[in-house]
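Each protein sequence line maps, in turn, to chains A and B. Read in order, the letters of the first sequence correspond to residues 2 to 329 in our numbering. Read in order, the letters of the second sequence correspond to residues 19 to 287 in our numbering.
In short, the hints are calculated from the structure, not lab data. One should not assume that every hint holds.
[To be verified] Dumping the calculated DSSO-like pairs for lysine-lysine here, alpha-carbon to alpha-carbon at most 27 Å: (1) 15(A) x 28(B); (2) 191(A) x 133(A); (3) 312(A) x 273(A); (4) 284(B) x 15(A); (5) 15(A) x 279(B); (6) 196(A) x 133(A); (7) 133(A) x 284(B); (8) 196(A) x 153(A); (9) 7(A) x 284(B); (10) 275(B) x 25(A); (11) 25(A) x 279(B); (12) 133(A) x 197(A); (13) 25(A) x 7(A); (14) 153(A) x 28(B).
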Amino acid sequence: MLEAKKLVKYYTMKEKSGWFARKKQQIKAVNGLDLTIKRGEIVGLLGVNGAGKTTTIKMLSTLLAPTSGTLSIDGIDALQQPEAIKRRINMIAGGERMLYWRLSARENLMYFGRLYGLRGSALKNQCDELIKKVGLAESADRPVERYSKGMKQRLQIARGLINDPDYLFLDEPTLGLDAPVARQLRGMVKDLAKKKNKGILLTSHYLEEVEELCDHVYIIEKGHLLLHDTPTRIIQTIVKDRILLVVMDRLTQEDWTWLRQELDNRGIHTQKNETDEGTQLDMTAPFDLTAQFIALTHQRNFHLLRLESKKPNLEDAIIRLAEERELL
Amino acid sequence: MWTAFSATFKRQLVTMRRAYPWSFFIGHILDGVYITIFAFLSYHFIFQGELNERFVSYTGTSDYLSYVIMGGVFNSFTVSLLMIVSRMLITEMREGTLEALLLTPSSRLGYFLGAAVQGLMRSGIEWVTIICIGLFFGLNLVSAHLALLIPILAAFCFAIFAQALVLGSFMLAFRDTYITQNTLFVVMMLVSGVSFPPEFLPQWMQCLSRIMPLYYGLDLMRAVMTKAQLSFAILQNLLLLVALGILYFFIGIIFIKQMEKSVFEKHFG
Ligand SMILES: Nc1ncnc2c1ncn2[C@@H]1O[C@H](COP(=O)(O)OP(=O)(O)OP(=O)(O)O)[C@@H](O)[C@H]1O
Ligand SMILES: [Mg+2]
Numbered sequence: 002m003l004e005a006k007k008l009v010k011y012y013t014m015k016e017k018s019g020w021f022a023r024k025k026q027q028i029k030a031v032n033g034l035d036l037t038i039k040r041g042e043i044v045g046l047l048g049v050n051g052a053g054k055t056t057t058i059k060m061l062s063t064l065l066a067p068t069s070g071t072l073s074i075d076g077i078d079a080l081q082q083p084e085a086i087k088r089r090i091n092m093i094a095g096g097e098r099m100l101y102w103r104l105s106a107r108e109n110l111m112y113f114g115r116l117y118g119l120r121g122s123a124l125k126n127q128c129d130e131l132i133k134k135v136g137l138a139e140s141a142d143r144p145v146e147r148y149s150k151g152m153k154q155r156l157q158i159a160r161g162l163i164n165d166p167d168y169l170f171l172d173e174p175t176l177g178l179d180a181p182v183a184r185q186l187r188g189m190v191k192d193l194a195k196k197k198n199k200g201i202l203l204t205s206h207y208l209e210e211v212e213e214l215c216d217h218v219y220i221i222e223k224g225h226l227l228l229h230d231t232p233t234r235i236i237q238t239i240v241k242d243r244i245l246l247v248v249m250d251r252l253t254q255e256d257w258t259w260l261r262q263e264l265d266n267r268g269i270h271t272q273k274n275e276t277d278e279g280t281q282l283d284m285t286a287p288f289d290l291t292a293q294f295i296a297l298t299h300q301r302n303f304h305l306l307r308l309e310s311k312k313p314n315l316e317d318a319i320i321r322l323a324e325e326r327e328l329l
Numbered sequence: 019m020w021t022a023f024s025a026t027f028k029r030q031l032v033t034m035r036r037a038y039p040w041s042f043f044i045g046h047i048l049d050g051v052y053i054t055i056f057a058f059l060s061y062h063f064i065f066q067g068e069l070n071e072r073f074v075s076y077t078g079t080s081d082y083l084s085y086v087i088m089g090g091v092f093n094s095f096t097v098s099l100l101m102i103v104s105r106m107l108i109t110e111m112r113e114g115t116l117e118a119l120l121l122t123p124s125s126r127l128g129y130f131l132g133a134a135v136q137g138l139m140r141s142g143i144e145w146v147t148i149i150c151i152g153l154f155f156g157l158n159l160v161s162a163h164l165a166l167l168i169p170i171l172a173a174f175c176f177a178i179f180a181q182a183l184v185l186g187s188f189m190l191a192f193r194d195t196y197i198t199q200n201t202l203f204v205v206m207m208l209v210s211g212v213s214f215p216p217e218f219l220p221q222w223m224q225c226l227s228r229i230m231p232l233y234y235g236l237d238l239m240r241a242v243m244t245k246a247q248l249s250f251a252i253l254q255n256l257l258l259l260v261a262l263g264i265l266y267f268f269i270g271i272i273f274i275k276q277m278e279k280s281v282f283e284k285h286f287g
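Looking at chain B on its own, in the form it has when it is part of the complex:
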């Protein structure tokens, strides 16, 4: 597994250096920036600085801009990482390298992890860029509890990675990236509390929030990065996030295995 990991990491690094996917890079940053600007403008010109009381009671904060900018930042980070990992195999298929890859007796998990860790470098750059832009628009980073931030980030990345495995197997099954990924991204943005708390949504839609790692991740990040006091809920959400990650992980591994078996039956050429 280690060799597949480091080989794929190096390969992705070389590929990125040689042909940086600028369109994805700029696209992800713009996603985050649009959410920020949209929130900024609507807050100042539509709501004119007035916040709904329910917002405050649901979120426990009256700093709407920080709320939304954090949402934008982590939404685009999630989208970026999901895309990098989930598109791996279908890209191999489209470029005609999937057969050569599947011929090798290598660990698929190592392969995905290599791609993910390399992808984190890319998503990380995007992430920092958006945070910096966000600071100009009123993002308030109150306290960064580093000791908490690191395990949360790790759990978050793991859960997103696991979710990407499931997404990737759906892509292989449908032989499509665009519709599959964007359906997920739209739903994810709507229910995960990116720009408004999901409590505003009808009950059945709130159920969807519970299966989105982004929902838990955002809640945790906001708690440790923009709120002064910590609460016990952090631990609970962290555990839920890890559990969700493990669930996705096993589903993803099983699905990918199944898809690999049948990919050449459904695919000519």
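So here's chain A without its partners, still in its complex pose:
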């Protein structure tokens, strides 16, 4: 288990104020964050730009020393034994960095493998296996500078797995990837957690991805923890509304007046639009209103053309959360 307790990171920045005078300014990027990752689990870390996600990941991967707080991985103190920690973790960031462009995929992996102390046939096998796994077998001996973005990203994944880490931190791994490549990557991440029993921390701005993959999610704001729960429960607690979208044969004025009255009585908020197809109703209520609405249509024999119940997703939840925070 990875356990971070009360992690704090302040950046000090020197700001110019006048010609020579400089003011020191402190940025509280992470401010007392508690976080745990168990093996076999995918944990999401969400927050708007500048919330402190990358800073957190850099602290977990020992690249940044926390201003205060503790970090331990499987009982090993990361601040006292960074070397031992480095063997057990790896980090992958989105974008095209963290690879040597002049070297080929194989040379990159061999180099990093050696830096992790692998050698001989163990090293060679590990490289071959990873190259195959990320589907770069055909271009393994071409310099990376001639790779496409997706290929570079896949090679990065291979680099992140070269030391067979127990914990893997992914900082926006699907940034700028095509949908099919991103999907493939998601499949791999899932396998790593569920089949290989790795603990994974994921940040991403694609919320569907987080909803699909993560067992639980930390939402942070300005370095503070805002919420920590499973995606489903986050959605349930934040977005209480259910939305029902209906298209039906054009309603007469009289029918509409009646229907509206009935819906109002039940506390269902309705919006009506006339479209080419017929009358379209958008209904919102803090409960699942499908059954009630259908019962009403039976009373007057309305003819339904289309009925769609929209389930709120994580994105709705985050947007709602952001709106609520604005109001405060």
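Chain A is fixed; fit chain B with the ligands onto it per the hints.
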């Protein structure tokens, strides 16, 4: 440490074969050649073969051309090796590979040594090229005391390597290569006795000579490669060179460690 050494050596070798840094190569050779030609022309046309007596008394030789060509040869060798080693980490930073490197539990010393030994191959080629050119312009290699040359070269390379570690940490701190390295190179060329003995300089500038491995290195190389007799001063300078190297080495290791800790705090991205 051994794995980091051999891994980095191989990586640098592949990179060099794939994309030989021709501009640096030619630049370093030209540096040496310019010094040689400049000395050759000024000696023949400005001084018209006349040497200042003080020169002879300071250097113990009247062979000005050999003096300067040796200076040019070793100056460009030093610059080349300093650049290769000191620019390693900041290049990783600029190319976005520093994080991946620092994530690994590898020995940084092994990493630098791998780069340095591979770099020696490159600097060695440049070195031999300049010496060959120098021979045409009147470089006089009197005697090469091989038994002395090898320990001197080894001590010299070590001291330059150590100096490069310090230079590299300054580069990381200032996030700059150009100004940092060239400031050092200009001062180094001025005070180390490259084209004139530092005794011509004011006293306070001569102090700077004492912290330049190139100063001791040049003195030793000239002694064993262009002078007929050996003197006891060789041993003293050799010891000073090694001591200076050890000093730079420890400062460099400490500085690099410090810089690695703070590099991601000062650096966005
Ligand atoms: N090296 C640094 N020096 C000073 N301030 C920094 C540094 N790195 C980040 N910050 C600041 O710390 C805060 C958190 O940054 P961080 O990169 O962790 O955010 P993030 O959640 O990863 O954002 P994004 O979604 O844009 O990647 C921001 O306000 C940022 O400006
Ligand atoms: Mg980020």
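Structure-based check of each hint:
no. : hint            : result
1   : 15(A) x 28(B)   : violated (40 Å)
2   : 191(A) x 133(A) : holds (18 Å)
3   : 312(A) x 273(A) : holds (20 Å)
4   : 284(B) x 15(A)  : holds (10 Å)
5   : 15(A) x 279(B)  : holds (18 Å)
6   : 196(A) x 133(A) : holds (18 Å)
7   : 133(A) x 284(B) : violated (38 Å)
8   : 196(A) x 153(A) : holds (24 Å)
9   : 7(A) x 284(B)   : holds (23 Å)
10  : 275(B) x 25(A)  : holds (24 Å)
11  : 25(A) x 279(B)  : holds (20 Å)
12  : 133(A) x 197(A) : holds (17 Å)
13  : 25(A) x 7(A)    : holds (24 Å)
14  : 153(A) x 28(B)  : holds (22 Å)
In terms of the numbered hints stated before, the structure departs from hints 1 and 7, listed from lowest to highest.
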